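One line per chain: the protein sequences are Z and D, in this order. Note that numbering that gives the first Met the number 0 numbers the first sequence so that position 93 is 92, with each residue one more than the last. Note that numbering that gives the first Met the number 0 numbers the second sequence so that position 114 is 113, with each residue one more than the last.
By construction, these hints were calculated from the structure, which means they are not laboratory data. Since the model is a prediction, treat every value here as computed from it, not as a measurement. It cannot be assumed that every hint is accurate.
Now the in silico label distances, taken between C-beta atoms and shown as ranges [as the list claims (entries may be wrong)]: (1) 151(D) / 23(Z): 22 to 28 Å; (2) 53(D) / 188(Z): 56 to 62 Å; (3) 166(Z) / 15(D): 25 to 31 Å.
All residues carry an ideal CB built from backbone N, CA and C; glycine is no exception.
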Amino acid sequence: MDEKRLDELLADAVHTYRVPPEPPFDAIWSRVEEEAFAQATMRRTGPGWRSLAAAVAASLVVGVSVGRFSTHSAHPAAVTVVNASTVTPALTAAAQVAAAPYQRATEEFLGSTALLLAALPRDGSGDQASTLLPEQAAQLLTTTRLLLDSPISTNPRMKALLQDLELVLAQVARLQPRRENVTLTLISQTLEERELVPRIRSAVADLSTFDY
Amino acid sequence: MPRAAIATSFDPINDERSLIARAVIGDRTAARILYDAHAARVHRIAYRICGDAELAADLTQDVFVLVFRELPKFRGESAFATWVHRIAVTVSLNAMRKVKRLREREMDLDEARHHEQESGDIDPDLRDRLAAAIDALPDGLRVALVMHTIEGYTHAEVGNALGIAEGTSKARVFEARAKLRQSLGDFLEER
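Excised from the complex, chain Z in its bound form (with noise of 0.2 Å):
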């Protein structure tokens, strides 16, 4: 048989061999977003850190049921939450249902950066930084970026608040081992001056109302 003829039926082959039939896209979705999303949450919180980050999304959730409940008393169940962590399903699904994309992933977002700067060794403490704070800091920065081009911040004290934390995650995601203690100095001071703990748990409480 020669090339000519073999590509011949190479040829055929594309429309022939093992032709797929049409697959079950809507299904394969269904049972993709129910593995990868409903763990993707867990995996977040790296080893080590969970307690912290724990502590921190309680709190961010405890801060936004009292901001949410004294805000709309007439609506006491409506809570958004900000890590689906550590937080029943039933308050996620009422979440997702209530949010719209961009405060959904503002909200992740806030969440994942607050989880991150508590993950971040104290000042002096000798704790070492873990290797992940700053690919997880590179990542939430371009997520920051992403965010400072969208509609979420044509609210000013949201896009205040993005920029401090582009400017803290930048400098996490530059943390270097030899470097570390003059770097975190820098950061608590960052995070001290602009008190964005307490601005990102204001920002997530008021994200419900915020009007695009």
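Got chain Z; can you put chain D on it based on the hints?
Below, chain D alone, put in the same frame as chain Z:
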């Protein structure tokens, strides 16, 4: 990069980078758009490798579960599609290694006829023989041939997906073709 420059070159709704970033932070709508963009090709390569509709659907599911779990690690060093297809090939080959018996499994003829498209004047027996000859190739040769010759991947993409050099992909396709020529030549001589 100045923010204005980002804003003018960046579509926050449809841009793939934006979708990836949103999927990373748990936006299922963005994840679904990414899935819709790549699922058909992932399913096709999975099916071409395993030849079983149910298994191909399961593999497609496994691929995307892995894609979304590993998405935070995606650095953008290769195109997203390349990264996804690499995962698809790896998952499919691993599954095939676990389900060796499928290599011996003959494709259901009724199903095959149902999906085949009439094309030109190819002798149906010769077509069946070609399919059998491709199935009989060692995995390394078969996947390289299927990806490059049948699915249209470049040798660079095949190399990337299989973790081999581009030149190795070329060599594998060359060797696969030689084996097919041999096998089909024998068949034609027997007739």
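How the hints compare with the structure:
As the Cβ distance of residue 151(D) to residue 23(Z) is approximately 25 Å, the hint placing it in 22 to 28 Å holds. Judged by the Cβ atoms, the range 56 to 62 Å given for residue 53(D) and residue 188(Z) holds: they are separated by roughly 58 Å. In this structure the hint that residue 166(Z) and residue 15(D) lie 25 to 31 Å apart at CB holds, the actual value being about 27 Å.
The structure meets every hint from the earlier list without exception.
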